[in-house]
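Trainee: Chain residues, written in single-letter form:
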Amino acid sequence: MHELGIVKHVIKTLREVAEENSVTRIGSVTLEVGEVSGVITEQLVDCWNYFRERDELVRGAPLYIETLEAVTFCTACEKTYRTVDHGRICPFCGSGETYLLRGNEFCIKQIEAETAQEPAREE
Amino acid sequence: MKVIELKMTVTDSNDRDAEALRRELSERGIFLVNLMSAPGSGKTTLLARTVKDLAGTVSIGVLEADIASDVDAVRMAELGAESVQVHTDGMCHMDAGMTRAGLEGMEGAGFEIAFLENVGNLICPAEFDTGAHRNVMLLSLPEGDDKPLKYPLMFQRSDALVITKMDAAPYFDFDLEAVKRRASALNPNIRIFPVSAKTGEGMAEWEAWLLSERENDRNA
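Residue numbers (the working numbering), protein chains in the order written: chain A, 1 to 123; chain B, 1 to 220.
Hints may be right or wrong, so weigh each one.
Derived DSSO-like pairs (lysine-lysine); straight-line CA-CA distance at most 30 Å [to be verified]:
{"id": "1", "chain 1": "A", "residue 1": "LYS109", "chain 2": "B", "residue 2": "LYS150"}
{"id": "2", "chain 1": "A", "residue 1": "LYS12", "chain 2": "A", "residue 2": "LYS79"}
{"id": "3", "chain 1": "A", "residue 1": "LYS8", "chain 2": "B", "residue 2": "LYS150"}
{"id": "4", "chain 1": "B", "residue 1": "LYS180", "chain 2": "A", "residue 2": "LYS79"}
{"id": "5", "chain 1": "A", "residue 1": "LYS8", "chain 2": "B", "residue 2": "LYS7"}
{"id": "6", "chain 1": "B", "residue 1": "LYS7", "chain 2": "A", "residue 2": "LYS12"}
{"id": "7", "chain 1": "B", "residue 1": "LYS180", "chain 2": "A", "residue 2": "LYS8"}
{"id": "8", "chain 1": "A", "residue 1": "LYS12", "chain 2": "B", "residue 2": "LYS2"}
{"id": "9", "chain 1": "B", "residue 1": "LYS150", "chain 2": "B", "residue 2": "LYS7"}
{"id": "10", "chain 1": "B", "residue 1": "LYS198", "chain 2": "A", "residue 2": "LYS109"}
{"id": "11", "chain 1": "B", "residue 1": "LYS198", "chain 2": "B", "residue 2": "LYS52"}
{"id": "12", "chain 1": "B", "residue 1": "LYS7", "chain 2": "A", "residue 2": "LYS79"}
{"id": "13", "chain 1": "B", "residue 1": "LYS198", "chain 2": "B", "residue 2": "LYS180"}
{"id": "14", "chain 1": "B", "residue 1": "LYS150", "chain 2": "A", "residue 2": "LYS79"}
{"id": "15", "chain 1": "B", "residue 1": "LYS2", "chain 2": "A", "residue 2": "LYS109"}
Short, incomplete list of chain A residues facing chain B, as computed with Cβ under 8 Å [claimed, not checked]:
{"id": "16", "residue": "HIS2"}
{"id": "17", "residue": "GLY27"}
{"id": "18", "residue": "ILE108"}
{"id": "19", "residue": "THR115"}
Honestly, the hints are just simulated from the structure, not real lab data.
Beta carbons are placed, not taken as given, at the ideal position from N, Cα and C, and that holds for glycine.
Build the full structure now, drawing on both the sequences and the hints.
Mentor: Dropping the structure here:
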């Protein structure tokens, strides 16, 4: 359910980008998704594949997902560790006083696009 | 085909809509408060009590968001608050566009404080700016004192934490001080109000905060 809403937001953002850049068709979309962003990538792709057939702008465009590693910082011993392996408790000193440095990102990295100024070329 | 680098967060377009809605509401003198919590934590009961207590002080409108049904809106209407039910059609959160549509559905719109009762869920609503002036999270005592550890984003995004059902304290091992400590560690600015809408405990402090936050924004 969450992924459905996110795909709708992605498509809305892409429409705005297309308008600003005179994009007539989008060939592919690349997302950057943090390991602990809470998004299930398989479901995201399923929802994308459903919507892309119903929108002229992104019809047939594949969705590429690049996963970003999650890293947590421990304020007690000032070390960093992989969040997915150890969660909130620091594996070095056992402290729970930790916070996420990165890994909850969810961003549209880039798109491949045909613009009105640059006519489509068969490759 | 050319590559366009975007590096936009997925919520960028929603963030812009939310900012615009917030400005517009301020101009119209409407203070929007987004209430978020798990299902069954007492959002509707807290609202019902707040509406009753503040009757005659400020006019209140309530936007009820649910996946289905209109039981909450009916309950609010019975209390005399202007209310509208928004169905999210399966979506797990409200965004700025849906909030705008919901507010437009309220007749007259002559109220001074509008509450958005978000979908009962501690995860997704925290990720989407609704255009509200303040975000308020409810945590009911039976849910347990470990929630800040499990749903950190919700605590980070909230301006106030209302701990509801305090009258049930004798029956649960709920460590209020631990919640305060954990919530403040995630968000040093969070205001915490332990209340019981049933007995009225703590309601005056919560309501005074609401009114003063609204004043602060009006004078800003």
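Trainee: Decide, hint by hint, whether the structure agrees.
Mentor: Each hint, compared with the structure:
no.: 1; hint: A/LYS109 <-> B/LYS150; result: 29 Å, holds
no.: 2; hint: A/LYS12 <-> A/LYS79; result: 40 Å, violated
no.: 3; hint: A/LYS8 <-> B/LYS150; result: 27 Å, holds
no.: 4; hint: B/LYS180 <-> A/LYS79; result: 26 Å, holds
no.: 5; hint: A/LYS8 <-> B/LYS7; result: 18 Å, holds
no.: 6; hint: B/LYS7 <-> A/LYS12; result: 15 Å, holds
no.: 7; hint: B/LYS180 <-> A/LYS8; result: 37 Å, violated
no.: 8; hint: A/LYS12 <-> B/LYS2; result: 20 Å, holds
no.: 9; hint: B/LYS150 <-> B/LYS7; result: 29 Å, holds
no.: 10; hint: B/LYS198 <-> A/LYS109; result: 50 Å, violated
no.: 11; hint: B/LYS198 <-> B/LYS52; result: 12 Å, holds
no.: 12; hint: B/LYS7 <-> A/LYS79; result: 29 Å, holds
no.: 13; hint: B/LYS198 <-> B/LYS180; result: 22 Å, holds
no.: 14; hint: B/LYS150 <-> A/LYS79; result: 22 Å, holds
no.: 15; hint: B/LYS2 <-> A/LYS109; result: 14 Å, holds
no.: 16; hint: HIS2; result: 5 Å, holds
no.: 17; hint: GLY27; result: 5 Å, holds
no.: 18; hint: ILE108; result: 5 Å, holds
no.: 19; hint: THR115; result: 7 Å, holds
In this structure, the earlier hints numbered 2, 7, 10 are contradicted, and the remaining ones agree with it.
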